[in-house]
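Trainee: Construct all of the structure, not just a fragment, from the sequences and the given hints.
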Amino acid sequence: MTLETLAKDIAAAAETDAKALVAEAKAEAEQLLAEAEAKATVLREEAKQRADKEATQIARETVASARQSNQKDILIARRKVLDATYEAAKEHIADPGMKGRAALLKTLLSKSKKLAKGKYVILPVEVDRAAISKQAGDRKVGESVDGLGGFVLEAEDGSISFDMRFDNMLERAWSSKLSAVNDTLFG
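Take the position in the sequence shown, starting the count at 1, then add 48; the result is the number in the numbering used here.
Since the hints were derived computationally from the structure, they do not count as laboratory data.
Worth double-checking, as some hints may not be accurate.
Using 20 angstroms as the maximum straight-line C-alpha spacing, the simulated PhoX-like pairs for lysine-lysine come out as follows [stated by the list, open to error]: (1) 182 - 161; (2) 162 - 188; (3) 162 - 147; (4) 182 - 159; (5) 188 - 154; (6) 161 - 188; (7) 128 - 138; (8) 147 - 128; (9) 167 - 182; (10) 67 - 56; (11) 159 - 128; (12) 165 - 188; (13) 138 - 167; (14) 154 - 182; (15) 67 - 128; (16) 147 - 188; (17) 165 - 154; (18) 138 - 67.
If you anchor each label on the Cβ, the simulated ranges turn out as follows [claimed, not checked]: (19) 178 - 125: 40 to 50 angstroms; (20) 83 - 116: 42 to 52 angstroms; (21) 185 - 224: 41 to 51 angstroms; (22) 229 - 209: 48 to 58 angstroms; (23) 178 - 128: 34 to 44 angstroms; (24) 205 - 183: 17 to 27 angstroms.
Since the structure is predicted, the reported quantities are computational estimates derived from the model, not experimental observations.
For glycine and all other residues, C-beta sits at the position ideal for the given N, C-alpha and C.
Mentor: Here is the structure:
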């Protein structure tokens, strides 16, 4: 065997080993690439599922928040309507020309005579002073009080008083009939 043949054999063996190593490296690279693609696919699918789940949750929360906001807006609007209705009732009752005002005052004065016997002073709301003074009978008419109408009946010594002002009656009626007012206004 000559040196040249030996060199060729070594070169051929080296080439065969190199081809085998390259083939093995390619196979290993393909396997690693396939594993990486499989992992990437799994990770993409998991990420997609998480994103879908989060998107669904965010959508639910957004819808719930919008509903809550709408309910709040409706309640605020209803409150404004109720307040406006109450103010309109107060304006109507405060009107000196309100229909039935004289009859209502007469009824209240009559009730006051049955309610409080003895020496009482009638403290009228200024708008009703003239009508109350005409119907006061033997009761003294004192200083004016604030209110929409009516009067306060007070013992001369100040120990007892009965509030017969329209404001007080309106507040009691409003409180007791608020449910009916709600039904009428909002169904």
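Trainee: Look at each hint and say if it fits the structure.
Mentor: A quick look at each hint next to the structure:
Between the alpha carbons of residue 182 and residue 161 the distance comes to roughly 15 angstroms, so the proposed pair stays at or under 20 angstroms and holds. Note on residue 162 and residue 188: the hinted pairing holds, with a Cα-Cα distance of about 16 angstroms set against a maximum of 20 angstroms. About 25 angstroms separates the Cα atoms of residue 162 and residue 147, which puts this hinted pair outside 20 angstroms; it is violated. Simply put, residue 182 and residue 159 have alpha-carbon atoms about 16 angstroms apart, close enough for the 20 angstroms limit, and the pair holds.
At most 20 angstroms may separate the alpha-carbon atoms for a hinted pair to count; residue 188 and residue 154 meet this at roughly 16 angstroms. Distance restraint check for residue 161 and residue 188: the Cα-Cα separation of roughly 13 angstroms lies within the 20 angstroms cut-off, and the hinted pair is therefore satisfied. A C-alpha spacing of about 15 angstroms is found between residue 128 and residue 138, which places the hinted pair at or below 20 angstroms, so the restraint holds. Proposed proximity of residue 147 and residue 128 is contradicted: the alpha carbons are some 27 angstroms apart, above 20 angstroms.
This hinted pair checks out: residue 167 and residue 182 have alpha carbons roughly 18 angstroms apart, not beyond 20 angstroms. Distance hint between residue 67 and residue 56 is fulfilled; the C-alpha atoms sit about 16 angstroms from each other, no more than 20 angstroms. At roughly 36 angstroms between alpha-carbon atoms, residue 159 and residue 128 are farther apart than 20 angstroms, so this suggested pair is violated. Under the criterion of a C-alpha separation no larger than 20 angstroms, the hint pairing residue 165 with residue 188 is consistent with the structure, at around 13 angstroms.
With a CA separation close to 31 angstroms, the supplied pair residue 138 and residue 167 exceeds the 20 angstroms bound. Taking the CA atoms of residue 154 and residue 182, the gap is about 10 angstroms. The hint holds against a cut of 20 angstroms. The straight-line distance between the Cα atoms of residue 67 and residue 128 is roughly 88 angstroms, outside the 20 angstroms bound, and the hint therefore fails. Taking the CA atoms of residue 147 and residue 188, the gap is about 27 angstroms. The hint is violated against a cut of 20 angstroms.
This hinted pair checks out: residue 165 and residue 154 have alpha carbons roughly 17 angstroms apart, not beyond 20 angstroms. Between residue 138 and residue 67 the CA atoms are separated by roughly 103 angstroms; this puts the pair beyond 20 angstroms, and the hint is violated. Range check, residue 178 to residue 125: Cβ separation about 41 angstroms, and the 40 to 50 angstroms hint holds. As the Cβ distance of residue 83 to residue 116 is approximately 49 angstroms, the hint placing it in 42 to 52 angstroms holds.
Between residue 185 and residue 224 the beta carbons are some 31 angstroms apart, a value that contradicts the proposed interval 41 to 51 angstroms. In this structure the hint that residue 229 and residue 209 lie 48 to 58 angstroms apart at CB is violated, the actual value being about 29 angstroms. The supplied range of 34 to 44 angstroms is met by residue 178 and residue 128, whose beta-carbon atoms lie about 37 angstroms from each other. One distance hint, 17 to 27 angstroms for the beta-carbon pair residue 205 and residue 183, holds here, with the actual separation near 24 angstroms.
In summary, the numbered hints that this structure violates are 3, 8, 11, 13, 15, 16, 18, 21 and 22.
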